Amino acid sequence: MKGPIVVVGAGQAGASFVSRHVTLGGDAPVILIGEEPYAPYQRPPLSKKFLTGELERDRLWIRQPDWYGQNGITTRFGTRIAELAPSQRTVITDSGERIGYGKLVLCTGSRPRLLPDALGGSLDGVHTLREIGDADRLAERLGGSRRLIVIGGGYIGLEIAASARKLGLEVTVIEMAERILQRVASEQTSLYFRSLHRDHGVEILESTRIVRIAGRDGVARRVELDSGETIDADAVLVGIGALPNVELAEAAGIECENGICVDEACRTSDADIHAAGDCTSFVRNGQRIRLESVQNAADQGDLTARVLSGHDDRYASVPWFWSEQYDCMLQIAGLSQGFDRAVIRRNSTSGGQSVWYYTGERLIAVDAMNDTKSYAFGRRMLEMGMNPRADQVEDEQTDLKALLQAGMPK
Amino acid sequence: MVKITWKIAGKDDITADIPIGNTLMEAAVDNNVPFIEGECGGCLSCATCHVFVDPDWYGTTGAPGDFEEDMLDMTEVERSPTSRLSCQITASTELDGLVLHVPIPD
Ligand SMILES: Cc1cc2nc3c(=O)[nH]c(=O)nc-3n(C[C@H](O)[C@H](O)[C@H](O)COP(=O)(O)OP(=O)(O)OC[C@H]3O[C@@H](n4cnc5c(N)ncnc54)[C@H](O)[C@@H]3O)c2cc1C
Ligand code: FES
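Residue numbers (this note's numbering), protein chains in the order written: chain A, 1 to 410; chain B, 1001 to 1106.
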């Protein structure tokens, strides 16, 4: 390999890449380039404890900012890459500077899908949440507000709804699908979160579309719904999904389909370019998927560093994810898409429950709500390719540890 | 600040002054302790912050909580009687001088 490894995007995946590169003692010099003017930080707290003021800013770092230099990593924070020139193995910054690479790793992440201007998406008081600056602005807005409307009942929207309740605001969540979390979870899990939020005083309107956000003097004032109803609001949070940042790759002729297409070694269609994290899509069980999670970003970043150091690794991690809302900890292992059967297991010790997803006899995922035991054992079973019988799992008397051990190769 | 030591088989010990209130997972990452990753940021979902508390200190750190107890069943290196997830231990004056042993995967 001639020239340094250039990493574009200094978020979770970029940080995991350089951390693994350093622990493997990789010889190639690394340049970590990121548009945000900071070292990589954790995004999950932005909608949770950071938003409520329970976690301070300097505890968001993935690694202390001086760690990179101390470990031989050149950093260029606050620098946006405007263009890739793969034929010259060069990236070009927005100020026109050209930086050559031997290998390039794209970790550009994703960005919130915006509400069109015509629907009031650019009014003052309408927020999205991705970066620390967004969280600061949202926190400030919530501080002076009485009522928040959350458009979109996905994880980020629901977490922000919970945080806003904690801060004392009235909150309404508007979801156009029949149920919140429809895209990502079963009916059982949606139901659980619907009651959780209603118990905490959040109004949830499902099967409801917004007609527009109406404002006065450029400031959002109320949200008009297709039901004809209008709700006043001082703040609106739009949480309607994320789009992968593929534009650089696409313009450079790299294959993209709902993300930058990567193989099991995180290689793109260009032999010298890898990609990791929210910006990638890959094939799992015959389907091209894209994940937005710390696990995926960290594991793909880590794997790419191993591959570039000559290891013959393949990405096969069982996906996992978590979310925190009020006093409920949701933990998910596996991917439930395409399940044909879901059973509930109660945990009367913790007051929690879990949903176990199957296609036929095959266990594909577990959602655990305040039930870390089911998450931990479910995840181990998924990692080992075990398929515990649904009727056994459903029975709280079945000891999961014994079930796991019985299925382990001797 | 309190002093914490990580012992890593085959390598030099790492001893560092840790601000009171930080978790020992954060402390380990900040001090480059190998094999401690803290992927989930301390919310009991990854088990990549597993440590063996020195038996002399286990009485002081105390035993794991319920959720932590469950997660200890999925650590990469198998748990021992003094296993803890270090994101669940917060630096406090009682822990000044604490010794942790870092599990090393094969
Ligand atoms: C509010 C919030 C809460 C979340 N909660 C959870 C959770 O509880 N659990 C969970 O598992 N996941 C959660 N996630 C998702 C998780 O944070 C992401 O999946 C993860 O950060 C993805 O890492 P990444 O490196 O792919 O992208 P990012 O962390 O987004 O990093 C990408 C970086 O690339 C930079 N970049 C993009 N284009 C360029 C360019 N052209 N030039 C230079 N730099 C560029 C961006 O500025 C950004 O800093 C949450 C996300 C958000 C926003
Ligand atoms: S940091 Fe994830 S469980 Fe401790």
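Hints are not guaranteed to be accurate.
Not the full set, but computed from the structure, chain B residues with beta-carbon under 10 Å of chain A [stated by the list, open to error]: (1) Asn1032; (2) Glu1037; (3) Cys1040; (4) Ala1047; (5) Leu1095; (6) Gly1097; (7) Val1099.
Derived from the structure by calculation, the hints contain no laboratory data.
Source: prediction; values computed, not measured.
Just so you know, even glycine gets a beta-carbon here, dropped at the ideal spot from N, CA and C.
What are the numbers of the hints that this structure violates, sorted from low to high? 5, 6, 7
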